[in-house]
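Note that our numbering has the sequence shown beginning at 8, numbered continuously upward.
Simulated DEER-style distance windows between Cβ atoms:
hint	residue 1	residue 2	range
1	D24	D79	16 to 26 Å
2	L46	P96	14 to 24 Å
3	L76	T117	49 to 59 Å
4	L76	L106	39 to 49 Å
5	A50	D85	24 to 34 Å
6	D85	R56	19 to 29 Å
7	R57	P96	22 to 32 Å
8	V112	L65	40 to 50 Å
9	A108	A53	26 to 36 Å
10	V112	R39	32 to 42 Å
It should be emphasised that the hints constitute simulated quantities derived from the structure, not laboratory data.
Think of the CB as a built atom: it goes at the ideal place given N, C-alpha and C, for glycine as much as any other residue.
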Amino acid sequence: MPSEPTVRSSRCDELADDLAAADDGVLVGEARVHVAECLRCQAELANYRRLRRSLRGLADVPGPVDPTLQHDILLALDRADERRARRVPARTAATIGGLAAAAGVIALATRQRRIARLAG
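Given only the sequences and the hints, what does the whole structure look like? Please build it.
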């Protein structure tokens, strides 16, 4: 069964490290199959590719040498890795989307009535 493209699945969570570690975005096996069907994972993989390109470009940029910089960066990355991103449950996201759509319909209907009243 294909992955739902708009809802982050547990399979997406399982493959998160594989996406980050994929050499030049090349995946194999089940990861490749999942990403072919999952828009969220495709977007995440594209972000990693862009990040790698940017980092490669930075390798040629000279900068000041700070002996503690590498330590500080690695420490910050470890801390960021410890924190989980806050995720909105799919049902909550669907409810919010439905409410936004309903508000748009109401606004459009109100506008059409106002235009009809002013014209007539």
